[in-house]
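Remember, my numbering sits 1 above the position in the sequence shown when you count from 1.
Simulated from the structure, these hints should not be mistaken for laboratory data.
Hints are supplied without guarantee of correctness; some may be wrong.
List time: in silico BS3-like cross-link candidates among lysine-lysine, alpha-carbon distance up to 27 Å [claimed, not checked]:
1) K196 - K185
2) K196 - K148
3) K219 - K185
4) K219 - K280
5) K338 - K256
With beta-carbon atoms standing in for the labels, derived distance ranges [unchecked claim]:
6) G77 - S119: 27 to 37 Å
7) T47 - G176: 32 to 42 Å
8) I236 - S259: 26 to 36 Å
9) E186 - V261: 51 to 61 Å
Just so you know, even glycine gets a beta-carbon here, dropped at the ideal spot from N, CA and C.
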Amino acid sequence: MKLSRLFLVLAVGSGLFTSCSKDEDTTVVIPPSDGSQLTLNGGGGTGSPNTVYVDFSSDSTATRVRGSWNLGFYGGAEYRVTLNSFTAISAVAINKTDISAVNIEDTAGVNLAIGLGSGNFSMIDDVYGDLTKTAIAEISATEANNKVYLVKPENASATDPATWYKIRITRSGNGYALQYAKLKETTIKTATINKDNNFNFTFFSLDNGATVNVEPRKADWDIAWSYGAYTAGPIPYFFSDLVITNQYAGVTAAKVDSTVVSYNNFTEANIAAQTFSDKRDAIGSSWRATTGAGIYKNFFYVVKDANGNYYKLKFVSMGIGDGGTRGYPVIEYKLVKSAN
Numbered sequence: 002m003k004l005s006r007l008f009l010v011l012a013v014g015s016g017l018f019t020s021c022s023k024d025e026d027t028t029v030v031i032p033p034s035d036g037s038q039l040t041l042n043g044g045g046g047t048g049s050p051n052t053v054y055v056d057f058s059s060d061s062t063a064t065r066v067r068g069s070w071n072l073g074f075y076g077g078a079e080y081r082v083t084l085n086s087f088t089a090i091s092a093v094a095i096n097k098t099d100i101s102a103v104n105i106e107d108t109a110g111v112n113l114a115i116g117l118g119s120g121n122f123s124m125i126d127d128v129y130g131d132l133t134k135t136a137i138a139e140i141s142a143t144e145a146n147n148k149v150y151l152v153k154p155e156n157a158s159a160t161d162p163a164t165w166y167k168i169r170i171t172r173s174g175n176g177y178a179l180q181y182a183k184l185k186e187t188t189i190k191t192a193t194i195n196k197d198n199n200f201n202f203t204f205f206s207l208d209n210g211a212t213v214n215v216e217p218r219k220a221d222w223d224i225a226w227s228y229g230a231y232t233a234g235p236i237p238y239f240f241s242d243l244v245i246t247n248q249y250a251g252v253t254a255a256k257v258d259s260t261v262v263s264y265n266n267f268t269e270a271n272i273a274a275q276t277f278s279d280k281r282d283a284i285g286s287s288w289r290a291t292t293g294a295g296i297y298k299n300f301f302y303v304v305k306d307a308n309g310n311y312y313k314l315k316f317v318s319m320g321i322g323d324g325g326t327r328g329y330p331v332i333e334y335k336l337v338k339s340a341n
């Protein structure tokens, strides 16, 4: 719990002041939380406006407006750019590399409508989080290989290309150079986005022309709850109450049948029998029912965080089917095995 951890930190800090000389360099290691129950502030409703990032080891959440960004620039070794899959954004490449030469005429025959039975998976990023399957191809070291893309943000009109953006991204040192403008605009805006390996991505808003604070540091979150792009057979589907894992930081999760071992009885001895997935949707939508809006009470999850701590996680409520409130899910988690 948060309060007990606060007392522990204060006690450790007090001990350091009384027992260490000023010449000693002592690193304080704060143990991971032993568990808690949290209500996530999704903002309410079936298409909740927020994404909520959760870090079990610190009992903390970070709530972000899910539509506050459009592009995510990868901080790892590869040069990858993602679309905001928590919104109905879509993109397609055109066979031009001069962004100034792209105009409304280049949208002829292009349909960027997505969701409600429209669109295809080539227009969005891989719903399982595979960075080799993004709508925007890997940014090439050969500048001439990087195409211009047409991008329709969620708040743009599918039938009015003047509301779309044209963008082109190239490499710039250890980072990215972005060119962008609305399709009818003649002035091309630019931005340089540097990689920061402390974060999975650096996020950018085309509407605001600036980077945006979205994800916590990659070591500081385990799962995120949101509305987002998923799959319904052959077409993209936008799903409420989608839970993703922080796969790029090494977080994995396993689904446990509570008729085999209950949440309360699950211990460290049960970990070895579980099959962990490193996919983005290791939890996904499998924790709740779409009909009746309620959790599945016969399942829970085990999450291994980026530091090697194992937590068991269950969903307590999320809608009318379980006495909860839609858009404000309640979760409970408990430390099963500490990495320390």
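Checklist entry - Given the hint that K338 pairs with K256, does the C-alpha gap stay at or below 27 Å? => result 17 Å, holds
Checklist entry - Given the hinted pair K219 and K185, is their alpha-carbon gap at most 27 Å? => result Violated, at about 37 Å.
Checklist entry - Okay, T47 versus G176 on CB: inside 32 to 42 Å? => result With Cβ atoms ~38 Å apart, the hint holds.
Checklist entry - So does G77 sit 27 to 37 Å from S119, Cβ to Cβ? => result 32 Å, holds
Next on the checklist: 51 to 61 Å was suggested as the range; check whether the CB atoms of E186 and V261 agree with it.
Outcome noted: For V261 against E186, whose Cβ atoms are near 59 Å apart, the range 51 to 61 Å holds.
Next on the checklist: Check the hint pairing K196 with K185 against an upper bound of 27 Å on the C-alpha distance.
Outcome noted: Between K196 and K185 the Cα gap is close to 30 Å, so the pair fails against 27 Å, i.e. violated.
Item to check | Satisfaction of hint between K280 and K219, Cα-Cα up to 27 Å | outcome: 16 Å, holds
Item to check | Beta-carbon spacing of I236 to S259 - inside the hinted bounds 26 to 36 Å or not | outcome: The hinted range 26 to 36 Å holds for I236 and S259, with Cβ atoms some 33 Å apart.
Checklist entry - Does K196 pair with K148 here, judged by a C-alpha cut-off of 27 Å? => result 21 Å, holds
Violated hints for the displayed structure, listed by number in ascending order: 1, 3.
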